[in-house]
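Residue numbers (my numbering), protein chains in the order written: chain X, 1 to 461; chain G, 1 to 461.
Honestly, the hints are just simulated from the structure, not real lab data.
Values in this document were obtained by computation on a predicted structure and should not be read as measured data.
You can take every hint at face value.
Copies of the same chain look alike in the list, so a pair counts if it works inside one copy or between any two.
Taking lysine-lysine pairs in the BS3-like style, the calculated list, with each CA pair at most 27 Å apart, reads:
id: 1; residue 1: K54; residue 2: K336
id: 2; residue 1: K447; residue 2: K377
id: 3; residue 1: K377; residue 2: K336
id: 4; residue 1: K227; residue 2: K54
id: 5; residue 1: K54; residue 2: K377
Protein chains: 2
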Amino acid sequence: MAQRLIVIGGDAAGMSAASAARRQLPQDQLEIVAFERGHYTSYSACGIPYFIGKDVADTTELIARTPQQFRDHHAIDARTGHEVLEIDLHRRAVLVRDLTAGREAWEGFDQLMVATGATPARPPLPGIDAAGIHGVQTLDDGIALRTVLERERPGRAVVVGAGYIGLELAEALSAWGVDITVIGRPPAPLPGLDPDMGALIATAMEGYGMEVRMEETVTGFETHAGKVTAVVTDQATIPTDLVILGLGVTPNTTLAADAGIPLGETGAIAVDRRLRTGIEGVWAGGDCVEKFHRVSRRHVSLPLGTHANKEGRTAGINLGGGYATFPGVLGTAVTKICDIEVGRTGLGELEAQAAGFDPVTAVVDSTTRAGYYPGAKPIRTKLIAERGTGRLLGAQIVGEEGAAKRIDVLSVALWHETPVEELLNIDLSYAPPFSPVWDPVLIAARKTWQAVETDRARTEP
Amino acid sequence: MAQRLIVIGGDAAGMSAASAARRQLPQDQLEIVAFERGHYTSYSACGIPYFIGKDVADTTELIARTPQQFRDHHAIDARTGHEVLEIDLHRRAVLVRDLTAGREAWEGFDQLMVATGATPARPPLPGIDAAGIHGVQTLDDGIALRTVLERERPGRAVVVGAGYIGLELAEALSAWGVDITVIGRPPAPLPGLDPDMGALIATAMEGYGMEVRMEETVTGFETHAGKVTAVVTDQATIPTDLVILGLGVTPNTTLAADAGIPLGETGAIAVDRRLRTGIEGVWAGGDCVEKFHRVSRRHVSLPLGTHANKEGRTAGINLGGGYATFPGVLGTAVTKICDIEVGRTGLGELEAQAAGFDPVTAVVDSTTRAGYYPGAKPIRTKLIAERGTGRLLGAQIVGEEGAAKRIDVLSVALWHETPVEELLNIDLSYAPPFSPVWDPVLIAARKTWQAVETDRARTEP
Chain X
1 MAQRLIVIGG DAAGMSAASA ARRQLPQDQL EIVAFERGHY TSYSACGIPY
51 FIGKDVADTT ELIARTPQQF RDHHAIDART GHEVLEIDLH RRAVLVRDLT
101 AGREAWEGFD QLMVATGATP ARPPLPGIDA AGIHGVQTLD DGIALRTVLE
151 RERPGRAVVV GAGYIGLELA EALSAWGVDI TVIGRPPAPL PGLDPDMGAL
201 IATAMEGYGM EVRMEETVTG FETHAGKVTA VVTDQATIPT DLVILGLGVT
251 PNTTLAADAG IPLGETGAIA VDRRLRTGIE GVWAGGDCVE KFHRVSRRHV
301 SLPLGTHANK EGRTAGINLG GGYATFPGVL GTAVTKICDI EVGRTGLGEL
351 EAQAAGFDPV TAVVDSTTRA GYYPGAKPIR TKLIAERGTG RLLGAQIVGE
401 EGAAKRIDVL SVALWHETPV EELLNIDLSY APPFSPVWDP VLIAARKTWQ
451 AVETDRARTE P
Chain G
1 MAQRLIVIGG DAAGMSAASA ARRQLPQDQL EIVAFERGHY TSYSACGIPY
51 FIGKDVADTT ELIARTPQQF RDHHAIDART GHEVLEIDLH RRAVLVRDLT
101 AGREAWEGFD QLMVATGATP ARPPLPGIDA AGIHGVQTLD DGIALRTVLE
151 RERPGRAVVV GAGYIGLELA EALSAWGVDI TVIGRPPAPL PGLDPDMGAL
201 IATAMEGYGM EVRMEETVTG FETHAGKVTA VVTDQATIPT DLVILGLGVT
251 PNTTLAADAG IPLGETGAIA VDRRLRTGIE GVWAGGDCVE KFHRVSRRHV
301 SLPLGTHANK EGRTAGINLG GGYATFPGVL GTAVTKICDI EVGRTGLGEL
351 EAQAAGFDPV TAVVDSTTRA GYYPGAKPIR TKLIAERGTG RLLGAQIVGE
401 EGAAKRIDVL SVALWHETPV EELLNIDLSY APPFSPVWDP VLIAARKTWQ
451 AVETDRARTE P
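Same shape as in the complex, but just chain X (with noise of 0.2 Å):
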C-alpha cells in the first residue's frame, strides 16, 4: 500500500520536496498531497517586486506550476485555498481547514513536509492597522498593491525598512511616478552591507529622486477615516498616500512548535543536513527552518528562495527513500536598485568581528570591462579576509551593469575557505568586453593579501 506524505505550504520548499519525492518514487508507493492557504502554487516570490513595478505584465509569468498542472504531470493533489490548523505527531494526522467550503477535517500521513514559510513583521505600533499600509510577502499581497497603484494613483508612498525587500519595493514604485521615501534605522540602506558599501546605495537611491533616511526609527502612524495620512518617527512626521512595510520576515513556526517539533537557537524550525526535524518522518524546509551558515559556523535565519527550493529538494529525495544533503548557506544575496546593483556573500567586516573573526579588509575601485572597452561600469569590490591566515571570510560588491553577480566567483572560493594568497591566481577569464586583464575579483584579492601581509610584517617579532 502507498505510503502518504502531506506537504504544509505550496510555494518554494513544498512544492520543491514534493517534485523530488515523487521523482523517487512512483504514485502506488507514495500519495502526495499539499495544503496552501492562499490562491496559488508555486510563484516566485521574489518576482513580486518586479510585478509590482510592471516589469513583469501578468502574475501568470511568476507561477512556475499551477495546482492543475501538480495534479496532470506530477501526480500530487495540491489544493489551494486549504489552511493546516494543528498537526498532531501522536495520531500522525493534520487537521485542514478548507477556507472556501468553510469544513475542517482530520488527514493522516505517514510522512510530514512542512514549509510553512514566514510571514512579514508587523510591529505593534499605533495604526499599524490602518488601511494604506501594505506588506508584502505573498502573491496575493502583490496584487492588492498593484491594484491600489493603479486605481488610487498614491502621489506619495513611505517605505519602512531598507533591506532587499523595502529597496525592491521602492524601485517598483518608482515605476509609477511616485514620491518615495524609506526610513531605515541602520546607518546605510541594505544591513546585509557594511556601511561603507551600503553608503553607496544611498546616494544612489538620492540621485534618482528617493529621498532616504536613515538612523531613523518609526513610532506610529497617522490615520484619518481609518486609512493612513503619515508616517511619524523619531525625527518627524512624514504626510503619505501609501505605506509599504520591508521589515524583514519572521518563520512561521506557531504550528510546528505548538505540536512540538523542536525549534532552534533562533527560534526557526531546528533541522539536520538532510532537513529532518527532530521527529520521525517529520521533514522541514524554507523560510520556517533555520540554515548552517558556513562562515560563522553558527544557525541563521535567511529566508531565501534560492535555499528554500535546494532545501525541498533535498527533503524530498531524502523523504523519497534517496540520500541527500543540504551543507549550509553562505549568506549569498544580489540585488539591484536605481541601475544599482549589489553582491555579498559570508560575512561583512562587522559580522565577522561578531562572530568572532579579527578580518582585515581591502576595497578596490575598478571597471566590468577594459577600462577602454565601450560600457566599462565602475565596480566596487570589497574583500574581508581572516588576520592571520588570510582565509576569504567575505566580499560586498557595488556597481553598475555586469558587477553584481560576479559575487558567485567569491561564493565559490568562500565555500572552499580559499586563502586571498591562492584566489589572487586563480585562472578567471579575460577579454576586454568582460573584464580588465586583472579582474577586480583578482585586483581585490591581492590587495587584501597584500594588507594581511603588511599587517603580519608589523605584529610579528
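Given the structure of chain X, go ahead and fit chain G onto it with the hints provided.
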C-alpha cells in the same frame, strides 16, 4: 652596489615583472632596464581587435604605461626600438641592437627576465608573403591593418583560422562593412569548445552574414602584382582583397634556446612555479613559457595576457627577493562574437578523453535572468565531469549578453576539484534580474550529477 635586472620584452610579462621587482627593491638596490623591439610598452594586445573594429578610438587607450611613465614613476629604464640579439649566460650579458641608431652593444646583468612573447604562425604556403596578407600580433600590426581598412576600404576579406583571434578579427572587420569569409580546419569554430557548442557560434556568425567554411584547409594564395587576390583551399578559390591570418602563435624561444636556457616538453621555455628557468638568476614568463594545466596535469602552451601578467608579477616578486608562486592554469577563456558570448574552462569532452579521463557530460539550456524578467537571454551550459567520482573536469558556456563571464564560477569550482554533487548546492546569488531561482550553473551541476549517478547505477553490479 645595486644589482642589475635586464628584462627582454616590454609587454605584459616583462613589465609586470619589472614593476613587481621595483615594489620589492628600490633603485639603489636594483637597477632595471627593459628592452622592447617594438614601439610600445605595456599595451593590451587583447584590445587590438577592438581598435581595429573601431570600439576603441585611439591606440593610446590601449597603452597602460609608456616608457616615460616607467622612467618617471617606477625608475625603470624601458627602451623601445631595442632588440636583444643574443644572450651570453657565461658573461651574464645580452647583445642589444638599437634599431633606430643601428648600433649594437653588450649590456651586463645580474638577473635576467625573458619575456620574448610569441609570433603569429605563418605557414610556408605559396603566396603567403604577398601584400594584403596580415598577421595581427603587435600593436604595430594592428595600426597597419586599421590604416589599410581606412585607406583602401577593401570590399572582401578572408580570415584564415577560426580560433579566438580569428573570430575576434572577423568581428572587428564587420564594423567596416566588409564581406567576411572565415576558413577553419576543425568541424566548428573555436576549437577550444566541443563541436556541439562550437556549432552555435557558426550559426550566429552566418546569421550576421559571414560565410563560415569549416573542415577546409588553405593551400595557398593567388596574387597579382605582388598583392593577394584570392585564397586557395582544398575545396575552392575564394577571391578577396584582404587576408587576415588567425592561425595561433608560436612561442619566441630561439633567443633562449640558443643561449642554453632549457625548453620544456611543448617547446616553450620551461619554468617552475616561481618562474625560474633552469639557469640561476634567469626568469621567464608570458607567451614564451609553457604553463602547467591543473586538470590535465600536463604542460601546455597557452598564450594569454592574463597569465602573462600573473607570471610577470610572480617572477618580479621572486627576483626581488620575495616569495610567490604561480600555481598553473585551467585553460579559462572568454570571448564575444556577433553578440554571442563564449566561455570555457578546464577540459572539453574531447580534451578530457584525450587526457585519459572518462567523461560524463550534461548540457542545459536556461536563461541569464528569471524567465519572466525583461532582458532574459538564452544561455547554454555544458559540464564535463569524471565518470564514477563526478569530479568537475571542465565547463563551456555559449549564450547572449550576461552569459559568458559566469564561467568564472566554474573556474573556481574547478580550481578546487569540486565534485558536481557538491557544486549543485553551492550558495550562488539569486534575484530575478540576475538569474532564474536555480542558477544555470546549478541546474547544469544537478543534471551532470544525475548523469553520473545514472551511469553508476548502470555499471555497478
